[in-house]
Each structure stands twice: as C-alpha cells, then as structure tokens.
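Student: Fit chain B to the supplied structure of chain A, relying on the hints for placement.
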Amino acid sequence: MKRSKWMELGVGLFMLAGVLGLVFLGLRVSGLSFEAPQNTFQLEANFGNTGGLKPRSRVTMAGVTVGRVQSISLDTEWLDARVVLSLNADLENKLPEDTTAAILTSGLLGEQYIGLSVGGAPDMLADGDRIRDTQSALVLEELIQQFISQAIED
Amino acid sequence: MTAWLIRLGRNTLDGVEALGQAGIFLAQSVIGWPSREGLRLWLRQMHFVGVMSLAIVLVSGLFIGMVLALQGYTILVDFGAADALGQMVALSLLRELAPVVAALLFAGRAGSALTAEIGLMKATEQLSSMEMIGVDPLRRVVAPRLWAGFVSLPLLTIGFSVVGIWGGQLVGVDWLGVFEGSYWGNMQASVNFIDDVGNGLVKSLVFALVVTWIAVYQGYALIPTSEGISRATTRTVVYSSLAVLGLDFILTAVMFGNFA
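Taken in sequence, the protein lines are chains A and B.
At position 14 of the first sequence (counting the first as 1) the number is 902 in the numbering used here, and the numbers step up by one without a gap.
At position 35 of the second sequence (counting the first as 1) the number is 37 in the numbering used here, and the numbers step up by one without a gap.
Watch out, some of these pointers could steer you wrong.
Derived list of chain A stretches under chain B, where covered just means 3 residues or more per stretch with a C-beta under 8 angstroms from a C-beta of chain B [stated by the list, open to error]: (1) 893-899; (2) 1029-1042.
Cβ-Cβ distance ranges computed for the label pairs, FRET-style [what the hints assert, rightly or not]: (3) Asp176(B) with Arg1018(A): 48 to 54 angstroms; (4) Thr993(A) with Leu41(B): 54 to 60 angstroms; (5) Val907(A) with Asp138(B): 30 to 36 angstroms; (6) Leu244(B) with Thr993(A): 41 to 47 angstroms; (7) Ser961(A) with Asn13(B): 49 to 55 angstroms; (8) Leu244(B) with Val1027(A): 43 to 49 angstroms; (9) Glu127(B) with Val907(A): 39 to 45 angstroms; (10) Val61(B) with Ala950(A): 46 to 52 angstroms.
Please keep in mind that the hints were generated in silico from the structure rather than gathered at the bench.
We put the CB at the ideal spot given by N, CA and C, even for glycine.
So that you can see chain A by itself, here it is in the shape it has in the complex:
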C-alpha cells in the first residue's frame, strides 16, 4: 500500500513536471505573454524589392516594435511587391500621410524588418490606406555593382 502511494506520487510529480516544462517552453523560450491579442489595423505599402522580408517580420518605429508584416504578394498591376502591415491600433489615424516605410537589416547578416519614420503632413493614415513613400531592401550585389561601375568611370 505504501509503495503504491509512492508510485502515485511519482506519477503525479511526473505529470506536474511535464506541465511546468510546457509552461517554461511557452513563457521563457517562445516569449508568450498573457496579454490579450492587441487590436490592429492594416496598412499597405508597395516595394520595388522586398529582399529577405518575410511574413511575421517586425515593423518598427524609432526602434520599437509596433507591428508585424502580415502578407507579401506580387502586385500584378504595378509588378512590384505589395506588403500588408498590421500595426497596433493605438497608431491608427496618428501616422501622417507622408510616413516612410523602409526595409532595413538588423546587423550585417541579421533579419530584415520594416522601419517606419514619420513625416509632417496634416492628413493621417487610416485602416487600409497605402504608404506611398517606400524604400526597397538594400541588395548587397547591386551596391557592389554600383560601386564597381563608379570606380570604372573614375
């Protein structure tokens, strides 16, 4: 009888350890938090070249993450990339119309993300609007090519 109690205790601890492990994987390893999913709104931006940008890449403003890339698709009308951004709802109607979206790289080999920098126009961007002023991803080969052709000209 006593042995069976120890066994039950062992199994109980085992199950508990498993659940605690899952909580650890959730909170510490994948960085989940118990905040309610934030309200978001969508903005569109067209880029000539998205480089290594992926869905779920960060969208930052002054270095602070304010949203994620929701989808990247080819715009068949303009033949460039249409990127849909989903941003925190508290920024809705607060970004001026001449906000710039640039695809940046964190570090030399890091992931690519979108950096927003605000302008000064009086009209604000609402849900579904398009950011007109965009900067494509920096492609290293193109830079080198430019550099070489300049060097030849000199």
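Tutor: Frame of chain A; chain B shown alone:
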C-alpha cells in the same frame, strides 16, 4: 516467374493482413471508457513507462543541448553570429531533436520492455488464462500500457527540450561567454509557440502512438517461445526506430516544408 508472382502476392496479402490485425488490435484496446481499476493499472504503467524513463531522457537531453551549444558556437562564431546561439539550440531541439531522440530512447528503454513483458505473459499463458476467466486481456493488459505510452512520451519530450535548452545555456552562456540577454532574447524572438513548440508536440504524439503500438502489438502477436520473445523485442526496437525516423521526415516536410 509465376512462383515469384505468387510469392509477391502472398507477401503483400500477409503484410496487409498484419497491418489490419494491428489496426483492429489498437482500436479494440484504446476505444472504451476506463474503469477505476483501469486507471489504477494505467497509473502503474505510467510509473514504469514514464517516470522510470525520465532519468535517461533527461540526461541525454542535457548532453545533447550542451553539445549543440558547443558545436553551434564554433560554427556561428566564425560568422560573428554567436548571439544567434539560443535561437539555434532552441529551434533544433524543439522542432527536431527532442521528439526524435526522446522517441528513440523511449523505444529502447520502454518499448522493448513492454514487448518482452507481454510476450512472456503470452508464453506462460497468462493471457489465455485471463480470457478463460472472462477478463479481456486487451483491456486489462494492453490498454493501460498503450495509454501510458501515449501520455508519457510527449511529457518526456517536453522535459528533453527544457533540459537541453538549459544545457545549451550552461555551455553557451556560462562557459563560452555568449551574452545571456541575447541567448534568451533571440530565442524568444524566433521561437513561435504554435509553430515550433506545438508542432514538436504533435510530432512526439505521433511517435508515442507509433512506438507504443508497435511495442505492444509485437508482444501480443509474437510466437510464444524464448526465441520468439527475443526476436519480437529486437523487431520492436528496429521497427519503431525506422518508423520514427521515416515519419519524422514526412512530418517535417508537412510542417516546415513550405518555403513560400
């Protein structure tokens, strides 16, 4: 030529029949509401299959995490990307190594024991005497073991990942001097709970099902001689290892294979 065709046909039919029998066996054992007595039997098997496997799984997890960090560091540091160590250790453990290695260890540690135990029960005619006194051996012997396997392996896999990530921290942060903030920060930025932790758990659930099923069925269907038991035990380990590795490739291709 005809003889060869006949043999091919016979082997195919035998294979399909065995698979069908194993499927019926699984369904008959698993479906049904557990009694109080069944819960007690399940608990005993959980102790044997789960708790007793904890030591080997956790120790392996620790060493695999440590080796991952060591190997990863020597490669990443060449690119000046040692900060990505946490991301590398966590993703390779969660997506791949923890489910697969834990399942392989589980097949060796618990699966072979299940086969041998049930096989000996069959050889000493305990199973047929149970049937004689009106106790269904599928419900009494097989079902608790199957359920214990289904529940234990995912839990063991979680333990493997946790200990492995901790082992990676021991080597990467405490020994090799990767900054602790970037070890955890890059990990949290790149690991997605549903895509990585969740898919890893789905993998380990599938492996748990396959490994325990093979182990218990091999024990139940073996030829009740000492040679039969040894063969069935070997088959359990070989079949379940192959099944785990093969299924892992398919599952990985389905889960992480869309490079859109």
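Student: Taking the earlier hints as the rules, which of them does this structure contradict?
Tutor: Violated: hint 2 alone.
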